[in-house]
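Protein chains in written order, with the working numbering: chain A, 1 to 381; chain B, 1 to 256.
Mixed in with the good hints there might be a few duds.
[What the hints assert, rightly or not] Straight line, CA to CA, 30 Å or less: simulated DSSO-like cross-link-like pairs of lysine-lysine:
id, chain 1, residue 1, chain 2, residue 2
1, A, K2, B, K139
2, B, K138, A, K2
3, B, K135, A, K2
4, A, K15, B, K138
5, A, K2, B, K102
6, A, K340, A, K141
7, B, K139, B, K102
8, B, K140, A, K2
9, B, K135, A, K9
10, A, K95, A, K141
Hints in this document: simulated from the structure, not taken from any laboratory.
Now for the letters of each chain:
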Amino acid sequence: MKFLRLIIKNVGRNKRRTVLTVLSVSVSVFLLATMQAVLASFEANPESTGGEYRLVVRRNTTLADAMPEAYGPKILQVPGVVAISPANWFGGVYKEDKPFYTFAQFYVDPKTIFDVHPEIQISPQEKAAFQQERTAAIAGKKLFDKYGWKLGDVVEVKTPYFDLNARLNLRGMYTGPQEDTLFFHRAFVEEALGRPGLVGTFRVRLDSPDSAPRVMEEVDRMFFNSTAPTKTETEAAFGAMFISMLGNVKGLIAGVGLVVVFTITLIGANTMAMSARERFTEVAVMKALGFRPGVVWALILSESVLIALLGGVVGVVGAKVIYQFIGLGDMMPLFLQNMKITAGTIALGMGLSALIGFVSGGIPAWTAARIRIVDGLRRVA
Amino acid sequence: MVVIGSAQTRQRYVSENQEMPETLINLVQVTKHYRRDTIEIPVLDNIDLEIAPGEFLALMGPSGSGKTTLLNLIAGIDKPNSGRIVIDGKDIAKLGEQQLAKWRARHVGFIFQLYNLIPVLSAFENVELPLLLTKLSKKKRRDHVMTALAVVGLEDRERHYPRQLSGGQEQRVAIARAIVTDPTLLVADEPTGDLDAKSAEEILDLLKRLNEEFHKTIIMVTHDPRAASHAHSVLHLEKGVLSKSGGVYEVPAAHH
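So here's chain A without its partners, still in its complex pose (with noise of 0.2 Å):
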């Protein structure tokens, strides 16, 4: 502890470089924060409780082909199936078509939707008006809370899949999993759509979690030979696709990370290499007076870790602030907005912060520390 303040000193000895170099950090941790918090997020997505107790039917082609209704009946007719809601993605602009107004929409059966989400939380009341008022709507809290939603407000989205702009009674406010999602009547828009009849997909709920293996391949095997076959999966599966979506972007953004950790490690030890060599006479001088060379390389090595450590803490700190106090998380796409910086990401940005403090000053600390003292004098005589 007696070496701290000459260890803080010699950090605040050149200001204007520590406070880039802290910032170059930072940058760098900020960056692994956000990926992690990337990644987070789309773990974040099929952690919807009972997930385990539901199945997705879908087309086996894409999610922009859709089935019959008539499947329905048929699926329901499975042994281990209890109940199931048909679910169509509505995909509709509320007010501006930015990251800030985009959230999900699905026009559901108002009735069995709840039978295969029991999580949604919401009260008889609303649940009543819901599902009496074909133009009714209901909204997670989160939704409320983020656009001012009152009940009774009307809700304007616009599909740009279909020419339909779908004025919506908000009836109710639910909590539960995932809040950010809004559910309105599928007879609704059947009917302005000139009543098609399809259904993007099916969500199932089974009697157990160990029905599931039997359920899908039986479902699916009932509509193999149809003009639309389906593929049927667990919720986390379906959950899973989207990401796997987007595998080669979380490839990108890893190896943008490590680019940059690795560029900011470069700077990070030209700097202290810098500092280092600006200071041989005064490490010689150290050393003359009994300074062993495992004490000055600790010395040189604790700054380049103490400034490293200051540009994690600038960098999780500021990851935090941006993403969930200021809320930016909230103007990212769709499926970036439960973006959160967990104690394991603090730890991580802390961790990768040191490392790049180690790494940057391991040779020059080494290089300082072994420097002959009579050269490190002569220098300046």
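Since chain A is already given, all that's left is putting chain B on it; use the hints.
Below, chain B alone, put in the same frame as chain A:
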């Protein structure tokens, strides 16, 4: 007392009324050369030297004569190619780097031409620096530092940084740093070389005081005959050979 020459040709220089004292520093057949690529440059050639405790010795000689090298060897910051350097009974030429660092911390105080204070540390912190290597408590370190600063007359400048001090004051802080551990030996390499005449005189008086009042053994390298005149003995080094004759400055009587 200073003795130069080998066992066969020893020349003792002792004051007339002085008894033969014990030896603090004993250099035996010390040789040092540097290597530049394939060329070997001899610096010190079979130096024999004895210095008694409490001596104030000035080393003079032209540039490149090896006086700083000799000082560095005695101070334990460089190693001879051959020979023994026995200080207070210990042959420091045989010590490893770690042991030598520990030995220096305990036995040697350094005074440099350019003071070599750490610019980001205050006068107090600069003087405290060698004490960080000891097990002294914070309070005891403070006591030692303030005593050292008082000896050099700068106890009121403890919070000043080097850039806030004059050259003479900086050198006095450096001297405080050199004496704060109460070392056996003070080595000074051109301590007045960067100072004006008045400051130089103050520094030399301070060194003399440290020698006379605190009985510090001092070896000082200097080009300046006036600085050398403050020493008890003056040795001349030329082409790696030590002598008292030749370039020895005749010390004016007024300085003794």
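> Is the Cα-Cα distance between K139/B and K102/B 30 Å or less?
Replying inline: Cα-Cα ~23 Å, so holds.
> When you check the alpha-carbon spacing of K2/A and K102/B, does it fall within 30 Å?
Replying inline: Since the Cα atoms of K2/A and K102/B sit roughly 18 Å apart, the hinted pair holds (cutoff 30 Å).
>> Check the hint pairing K140/B with K2/A against an upper bound of 30 Å on the C-alpha distance.
In response: holds (13 Å)
> Is it true that the CA of K15/A sits at most 30 Å from the CA of K138/B?
Replying inline: holds (28 Å)
>> With the threshold set at 30 Å, check whether the alpha-carbon distance from K135/B to K9/A stays at or below it.
In response: It holds: about 22 Å lies between the C-alpha atoms, which stays within 30 Å.
> Does K135/B pair with K2/A here, judged by a C-alpha cut-off of 30 Å?
Replying inline: Roughly 10 Å separates the two Cα atoms, so the pair holds.
> K2/A and K139/B: Cα distance at most 30 Å?
Replying inline: It holds: about 12 Å lies between the C-alpha atoms, which stays within 30 Å.
> Straight-line Cα separation of K138/B and K2/A no greater than 30 Å?
Replying inline: Since the Cα atoms of K138/B and K2/A sit roughly 8 Å apart, the hinted pair holds (cutoff 30 Å).
>> Can you confirm whether the C-alpha distance between K340/A and K141/A stays at or below 30 Å?
In response: Holds, at about 18 Å.
>> Tell me if the straight-line CA distance from K95/A to K141/A falls inside 30 Å.
In response: holds (19 Å)
Going down the numbered hints, you'll see the structure goes against none, and every one checks out.
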